[in-house]
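Protein chains in written order, with our numbering: chain F, 1 to 130; chain A, 131 to 260; chain D, 261 to 403; chain H, 404 to 546.
Some hints could be false.
Below, computed lysine to any residue pairings styled on SDA-like, alpha-carbon distance capped at 20 angstroms [claimed, not checked]: (1) D:LYS262 / D:ALA401; (2) F:LYS90 / D:LEU365; (3) A:LYS231 / H:VAL431.
Over 10 angstroms on every C-beta distance to chain F, these chain D residues come out as not near it, computed from the model [said to hold, decoys possible]: (4) ASP278; (5) TYR382; (6) THR385; (7) LEU393.
Note that these hints are calculated values from the structure, not bench results. The C-beta atom is built at its ideal place from N, Cα and C for all residues, glycine as well.
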Amino acid sequence: MEITFWQETSGKPVTILQVRGDLTANEPLEGEARKAFAGGARDMVLDLSHTPYISSAGLRAIHTIYMLLRSADPVDESSAVRDIARGTYKSPHLKLVKPSKNGLKALTTAGYDIFLELHNSLPEAVASFG
Amino acid sequence: MEITFWQETSGKPVTILQVRGDLTANEPLEGEARKAFAGGARDMVLDLSHTPYISSAGLRAIHTIYMLLRSADPVDESSAVRDIARGTYKSPHLKLVKPSKNGLKALTTAGYDIFLELHNSLPEAVASFG
Amino acid sequence: MKSLTLSYTSATVRDLNDIREFLDYAVVTLGGDEDIAGDLVLAVNEAVTNTLLHGYGEATPGPVVVGVEADGGDLRVRLIDDAPRFDPTSVPPPDINRPLEERPLGGLGVHMMRQLTDELVYHLTDEGRNELLFIKRGALANV
Amino acid sequence: MKSLTLSYTSATVRDLNDIREFLDYAVVTLGGDEDIAGDLVLAVNEAVTNTLLHGYGEATPGPVVVGVEADGGDLRVRLIDDAPRFDPTSVPPPDINRPLEERPLGGLGVHMMRQLTDELVYHLTDEGRNELLFIKRGALANV
Ligand SMILES: Nc1ncnc2c1ncn2[C@@H]1O[C@H](COP(=O)(O)OP(=O)(O)O)[C@@H](O)[C@H]1O
Ligand SMILES: Nc1ncnc2c1ncn2[C@@H]1O[C@H](COP(=O)(O)OP(=O)(O)O)[C@@H](O)[C@H]1O
Numbered sequence: 001m002e003i004t005f006w007q008e009t010s011g012k013p014v015t016i017l018q019v020r021g022d023l024t025a026n027e028p029l030e031g032e033a034r035k036a037f038a039g040g041a042r043d044m045v046l047d048l049s050h051t052p053y054i055s056s057a058g059l060r061a062i063h064t065i066y067m068l069l070r071s072a073d074p075v076d077e078s079s080a081v082r083d084i085a086r087g088t089y090k091s092p093h094l095k096l097v098k099p100s101k102n103g104l105k106a107l108t109t110a111g112y113d114i115f116l117e118l119h120n121s122l123p124e125a126v127a128s129f130g
Numbered sequence: 131m132e133i134t135f136w137q138e139t140s141g142k143p144v145t146i147l148q149v150r151g152d153l154t155a156n157e158p159l160e161g162e163a164r165k166a167f168a169g170g171a172r173d174m175v176l177d178l179s180h181t182p183y184i185s186s187a188g189l190r191a192i193h194t195i196y197m198l199l200r201s202a203d204p205v206d207e208s209s210a211v212r213d214i215a216r217g218t219y220k221s222p223h224l225k226l227v228k229p230s231k232n233g234l235k236a237l238t239t240a241g242y243d244i245f246l247e248l249h250n251s252l253p254e255a256v257a258s259f260g
Numbered sequence: 261m262k263s264l265t266l267s268y269t270s271a272t273v274r275d276l277n278d279i280r281e282f283l284d285y286a287v288v289t290l291g292g293d294e295d296i297a298g299d300l301v302l303a304v305n306e307a308v309t310n311t312l313l314h315g316y317g318e319a320t321p322g323p324v325v326v327g328v329e330a331d332g333g334d335l336r337v338r339l340i341d342d343a344p345r346f347d348p349t350s351v352p353p354p355d356i357n358r359p360l361e362e363r364p365l366g367g368l369g370v371h372m373m374r375q376l377t378d379e380l381v382y383h384l385t386d387e388g389r390n391e392l393l394f395i396k397r398g399a400l401a402n403v
Numbered sequence: 404m405k406s407l408t409l410s411y412t413s414a415t416v417r418d419l420n421d422i423r424e425f426l427d428y429a430v431v432t433l434g435g436d437e438d439i440a441g442d443l444v445l446a447v448n449e450a451v452t453n454t455l456l457h458g459y460g461e462a463t464p465g466p467v468v469v470g471v472e473a474d475g476g477d478l479r480v481r482l483i484d485d486a487p488r489f490d491p492t493s494v495p496p497p498d499i500n501r502p503l504e505e506r507p508l509g510g511l512g513v514h515m516m517r518q519l520t521d522e523l524v525y526h527l528t529d530e531g532r533n534e535l536l537f538i539k540r541g542a543l544a545n546v
């Protein structure tokens, strides 16, 4: 597994975390995300389009990043609670680019596809931050 | 395994037996050779360049074809005996086009490479009949 | 019945990659399709990971046997280890309908094993080994 | 030690293709190179063919187990069957220096098994099964 991150700053600054290879451990990805977060990143795209395989450790990393970004947005808390109650809430600060079929299986089995936005491409995911 | 045979008649008529795929049974190849022989074929090239794998059953087929062609050339018998004694005899009526590394292993393990001409290409093998 | 087995006298997490590749190879060789293979790779990878991390402990390698069996139309993966007795089917399922902020981290491995198989059967062998069966029914219907 | 095993309760000559593919896969997975794999595929294919044709008889399927084991630097293939007791290492070697016209047809299978391995060991197991070991020494020296 190889993880790269960079920023897109044409619109709102968005940090892209790109995973290449199987996502079977949580530490490396969490580490990179924490580094980006420490550097000020508050909106992230996790690009899983080059990730054939995601294990539960990979899911844990995604969950951790979600919570990290969530923790930095107290304003968001109240509207989130409302949207969650309505079943319309999707994380505004973390978006995913769709993994392969097997990777997707892991996400849906865990119910993550319901609570995280999945995009078909990286540009689409970046643009979704508006 | 797929076996095709055809004749080249620009010079001396030569029958080409081409094997595609693993040579792991003796009957199909022997059958085709007998058919060609019954049709008058007396000089043959066995093209093994598309044969990744040769088993002892394949070696048996080669041996059988060799004996078949040998049986039709009584004139040859005496000079053969002389050349065999000298260690310079190679079958004048059956030539092989070299198989892959693994196929070659089977031939050399059986010592067939000493008694049968091996050529690097089909045109070379056909031309060797003069 | 036809089966393929991969055995280690002392496996570690570094072997997980090979185990996943073996599972994919074995399922396809036995006539399962890539979809079935994908499910079983995901499910069994979780179980072997648990054996290595929770069962033996990360620093301690131990025996692991992964067998893939074709039995009629069914495909079965048999996972055997010598770690302390542990029955994953006794782990309560997580509530995956709750939003992420209300869920504990982790605890999804056993859930994936269950979801991705038709049946997950645990039993302790006569020799006191953990044996876990992952069953896919009718996976070989077209063979 | 790491090993991969392919088992059949009733194998036939139609399974030889899969057995060769399995051997190639297993040798490479255990760290052997393509050359070693090629030798073992050739050698073991001959033995399994003999088991099926001479041991059980062409029309009768029977159990066959092919195990590939990494043990230190050595690579071993273990072939087990339930056919009548037969020790291939007792077959006299053919004289491959004689020209083809002076040789009998066939009789090269066991010769190939011997030539393509460093050691070929037969033994009858306690359960009365034929067990044939194909050993390649130092095949994994670089692992
Ligand atoms: N082989 C095992 N031996 C002992 N305990 C285990 C084993 N497998 C799982 N467990 C326990 O069950 C829990 C749930 O496992 P799992 O669903 O895979 O999630 P996770 O491993 O992410 O915690 C683990 O946290 C662990 O406490
Ligand atoms: N598993 C077996 N059971 C009984 N007889 C066998 C077995 N394997 C080999 N043989 C005998 O040994 C002989 C030599 O075998 P081999 O060298 O493989 O050549 P081939 O099979 O071409 O005759 C066979 O012809 C057969 O009589």
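**Message:** At 10 angstroms, judged by beta carbons, does D:TYR382 keep clear of chain F as stated?
**Reply:** Non-interface label on D:TYR382 holds, nearest chain F Cβ at 18 angstroms vs cutoff 10 angstroms.
**Item:** Agreement of A:LYS231 and H:VAL431 with the hint, judged by alpha carbon distance not exceeding 20 angstroms
**Value:** 17 angstroms, holds
**Message:** Just want to verify: D:THR385 was marked as not at the interface with chain F; is every Cβ pair farther apart than 10 angstroms?
**Reply:** Given a closest Cβ separation of 26 angstroms, the condition holds.
**Asked** Are the Cα atoms of F:LYS90 and D:LEU365 separated by 20 angstroms or less?
**Response** 18 angstroms, holds
**Message:** Please check whether the beta-carbon of D:ASP278 is more than 10 angstroms away from every beta-carbon in chain F.
**Reply:** At about 13 angstroms from chain F, D:ASP278 clears the 10 angstroms cut-off, so the statement holds.
**Request:** For the pair we were handed, D:LYS262 and D:ALA401, check the Cα-Cα distance against 20 angstroms.
**Result:** 15 angstroms, holds
**Claimed clearance of chain F by D:LEU393, with the beta carbon kept past 10 angstroms** = 19 angstroms, holds
The earlier numbered hints are all upheld by this structure, with none contradicted.
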